[in-house]
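If you count by our numbering, then the sequence shown holds residues 60 to 232, one letter each, in order.
Hints listed in this document are in silico derivations from the structure and should not be mistaken for laboratory results. Just so we're clear, the structure is a prediction, and the values are computed from it rather than from any experiment. It is possible that some hints are incorrect.
Simulated crosslink set (SDA-like; lysine to any residue; CA at most 25 Å straight-line) [unchecked claim]:
#1 Lys228 / Glu147
#2 Lys200 / Arg116
#3 Lys230 / Asn112
#4 Lys99 / Glu183
#5 Lys209 / Glu177
#6 Lys213 / Tyr184
#7 Lys213 / Ala203
#8 Lys230 / Thr204
#9 Lys220 / Glu174
#10 Lys230 / Trp187
#11 Lys230 / Ala203
#12 Lys230 / Glu183
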Amino acid sequence: MKNLLIGFFVLGFLNLGFSQNDTEVQAVVLEDVVLVNINKDYLAKVQSTDVDNRVRRLELAASRHNVLNSPLYDGRDEEFRTRFTGAEGFIDAYYDREGVILSTSEKYKNITLPEHIENSLLNEYPDWMVDQTSYVVFYDKDKATEMTYKLLLKKGKESKKLKLNPDGKSKSE
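Produce the complete structure using the sequences and hints provided.
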């Protein structure tokens, strides 16, 4: 038994010795890779640091989508629509033939409000509770982007609907 263990021990060390190769490793120089997001203008207009991370992730997915790799894209010249859906909402994005986002319609429900909006609600409506939230974004490449928070506030049996811009200021109907 003792000889068998010593035999396995020696065999194990011999195995390690023969596993090493004496071949020379050659260095390979790779070309630089440049990553370009062609929809950076879209991201600059719709994203801010205080928007819910779930919204930002879906917008990032829409900006990185490669229309040319889509099995439904047939090379047409007119706009190509793609819907991105998450647990919190959706984006309907319209792309041109190069993959640039021309416009989007976005709607998200029950997202976390930015801190400055929560603070302004606490000051203006101290006894009210936020019951429902939604965030709507309309982006067009050639127009101003519209971003609206729609809130349902409740206080006992009373309820109020509010529309706020990203700064927390009330929007007129």
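(request) Report the numbers of all earlier hints that the structure fails to satisfy, in ascending order. (result) Checked against the structure, the hints that fail are numbers 4 and 7, while the rest are satisfied.
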